[in-house]
Amino acid sequence: MSDPRTIQEIQRSIRTKKAVRMTVLTIFVFTVAILYFSPVLYMHLSAFKTEYDAVSPSLFFKPTLDTFQKVLGDETMYGYLKNSLFQVFVGTIISLLLGIPAAFALTFGKFKYRTTNNKIYLWFLTTILLPPVAVIIPLYTWFQTVNLIDNRFGLMIIYVGFHVPIVVWMLHSFFSDVPVEILEAAEIDGCSRFQQLTLIAAPLVKTGIIAAGLLVAVFIWNEFFLAFNLTGNEAATLPVYMARFREQQGMFVAQLSAASTVVILPAVIFGWISQKSLVKGLTAGGVKG
Amino acid sequence: MKHKDWLFLIPGMTTVAVITQVPFLLTLVYSTLRWNLARPDLPVKFYGFKNYWYFLRIQDWPQIPEFYYIVWQTVLITFCALALCTIVGFLLALLLDHAIPGVNVARTLILGPFFVMSTASGVIWKTTILNTTFGWYGVIAKFLGFTPVDLISYHPIAVIVILFSWRWMPFFVLMMLAGLQSIPEEIVDSMEVDGTNWWNATFSVKLPMIRKHITVAMMLGLIFLVKEFGLILVTTAGGPGTSSYTLPYAVYMQVFNASNVGRAGALAVITVILTLIGINILYQTIQKRSAIYE
Numbered sequence: 001m002s003d004p005r006t007i008q009e010i011q012r013s014i015r016t017k018k019a020v021r022m023t024v025l026t027i028f029v030f031t032v033a034i035l036y037f038s039p040v041l042y043m044h045l046s047a048f049k050t051e052y053d054a055v056s057p058s059l060f061f062k063p064t065l066d067t068f069q070k071v072l073g074d075e076t077m078y079g080y081l082k083n084s085l086f087q088v089f090v091g092t093i094i095s096l097l098l099g100i101p102a103a104f105a106l107t108f109g110k111f112k113y114r115t116t117n118n119k120i121y122l123w124f125l126t127t128i129l130l131p132p133v134a135v136i137i138p139l140y141t142w143f144q145t146v147n148l149i150d151n152r153f154g155l156m157i158i159y160v161g162f163h164v165p166i167v168v169w170m171l172h173s174f175f176s177d178v179p180v181e182i183l184e185a186a187e188i189d190g191c192s193r194f195q196q197l198t199l200i201a202a203p204l205v206k207t208g209i210i211a212a213g214l215l216v217a218v219f220i221w222n223e224f225f226l227a228f229n230l231t232g233n234e235a236a237t238l239p240v241y242m243a244r245f246r247e248q249q250g251m252f253v254a255q256l257s258a259a260s261t262v263v264i265l266p267a268v269i270f271g272w273i274s275q276k277s278l279v280k281g282l283t284a285g286g287v288k289g
Numbered sequence: 290m291k292h293k294d295w296l297f298l299i300p301g302m303t304t305v306a307v308i309t310q311v312p313f314l315l316t317l318v319y320s321t322l323r324w325n326l327a328r329p330d331l332p333v334k335f336y337g338f339k340n341y342w343y344f345l346r347i348q349d350w351p352q353i354p355e356f357y358y359i360v361w362q363t364v365l366i367t368f369c370a371l372a373l374c375t376i377v378g379f380l381l382a383l384l385l386d387h388a389i390p391g392v393n394v395a396r397t398l399i400l401g402p403f404f405v406m407s408t409a410s411g412v413i414w415k416t417t418i419l420n421t422t423f424g425w426y427g428v429i430a431k432f433l434g435f436t437p438v439d440l441i442s443y444h445p446i447a448v449i450v451i452l453f454s455w456r457w458m459p460f461f462v463l464m465m466l467a468g469l470q471s472i473p474e475e476i477v478d479s480m481e482v483d484g485t486n487w488w489n490a491t492f493s494v495k496l497p498m499i500r501k502h503i504t505v506a507m508m509l510g511l512i513f514l515v516k517e518f519g520l521i522l523v524t525t526a527g528g529p530g531t532s533s534y535t536l537p538y539a540v541y542m543q544v545f546n547a548s549n550v551g552r553a554g555a556l557a558v559i560t561v562i563l564t565l566i567g568i569n570i571l572y573q574t575i576q577k578r579s580a581i582y583e
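Top line first, the protein sequences correspond to chains A and B. As numbered in our numbering, residues 1 to 289 make up the first sequence, in order. As numbered in our numbering, residues 290 to 583 make up the second sequence, in order.
A couple of the hints might just be wrong.
To be verified - Each computed DMTMM-like pair below joins lysine to aspartate or glutamate, with the alpha-carbon atoms no more than 25 Å apart:
id : chain 1 : residue 1 : chain 2 : residue 2
1  : A       : 112       : B       : 294
2  : A       : 18        : B       : 474
3  : A       : 110       : B       : 474
Because the hints were derived from the structure by calculation, they are not lab data.
Please work from the sequences and hints to get the whole structure.
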């Protein structure tokens, strides 16, 4: 009580203290974040170096686009890129086409036993837990007998099988937020089940569908184990290109950086865009269920 | 109406079953066969548990066969990476939970590595950071006055743990941050009014409140870590020798280098069993700990 300061002075000192704490915290958080991301940032930076500059690590240099031109002018990369785009587009769309109706039926479908919905949903979840090594051997021998090794469509089918459960898992919680009454009303008005899904439920869970699609697209874009083991030169995707880069092109740091930049940028941008819905999908799917 | 609902389910279920369940059952069958792709002269025949026995038997004690080392390395790498991801991930999530200017940018930066493909991250780390002559590690070590040792050949396990954690921690941060942000404002406010200190507020209030998020992050994270293959292939390639093999990597070597389908099948089945045991132990531990708060 013997504090001689006026109330205004005390308030002001509290405010300055808070401002100082905020500034320190902000600087600290950003230092941590930038350091965490620095390997990727430095790689982006090195992509603008000449091969000569890139030999010794440095942050300051004269930026050039030569290395990019060299990497993008390399014909071999386009083959891999085409395959990756094919897998991402076709694989994601088919995964969604199979996964959306399944998630819908698991949420609203009426089966003979009431527990059926939950049982099948759990079955889908357990398939997510299965590591790819558990299935690679039969797939490899099958593919050899039917000549699907190094075939785009072969790999694509596998991707669909592995990603449908993820779509089901993420969308199940989004569909659960749709009130049953809307669908019941639609049914009375003469909507078939198919129309209930396409005209009413699907538009309502649009964000969920986009999030699931983006997540699956990122997973397929980055998938390495299956692509590496089931493809040769014809159907290989970009992760395989990255893994082979050193043996095929040699030790060129700047070229390597430029190639990685081109290869990872789409996924990182996709990922960042979908961040918010991704969080909702992942937490709602996992935490509630 | 009832039977029509099945039509929505069957296409998806069939695809998933054919792609994931049938091959797994076949892997079980293969693991009991003598089948070597490189030896077409030997007929494929039933072999019982001999493939498992090949890995599991300890012929001349105290010499422990390679298989046990590989299992130990897999457990060690997965456990260390999981622990690092959870603990450091939680701390990062706490940091990112503050309402500071531009916090979304910081979140985005930390989330980044999750979307970078593992072969690219492995290659980046190997050439621009860990390389003793061209990488930052080498330059900084020389600047500080000691000779850099090649980390990839001298401490392969540590390198892999760090890389695994760097690549997958963002996922843990994402989940735990979502948990922290779902804590009602009133609770945070009332803690401030009550003058709860930071330690108690964090570990006695916030931590138990987001245990469901932590459970999901750890279970899925475990799967991600067990699956990880590209990072090992491009950084250490399992070496030197077999000192950084994990079980998935050993399966790959058995099929594609040794061409031994039977033995690879046995290893794959062992991998699945160990993964399930790991998930189960993790789940039980978390359940037990969270029962205290129920």
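Evaluated hints:
1. A:112 with B:294: holds, 11 Å
2. A:18 with B:474: Holds, because 19 Å separates the two Cα atoms, which is no more than 25 Å.
3. A:110 with B:474: violated, 39 Å
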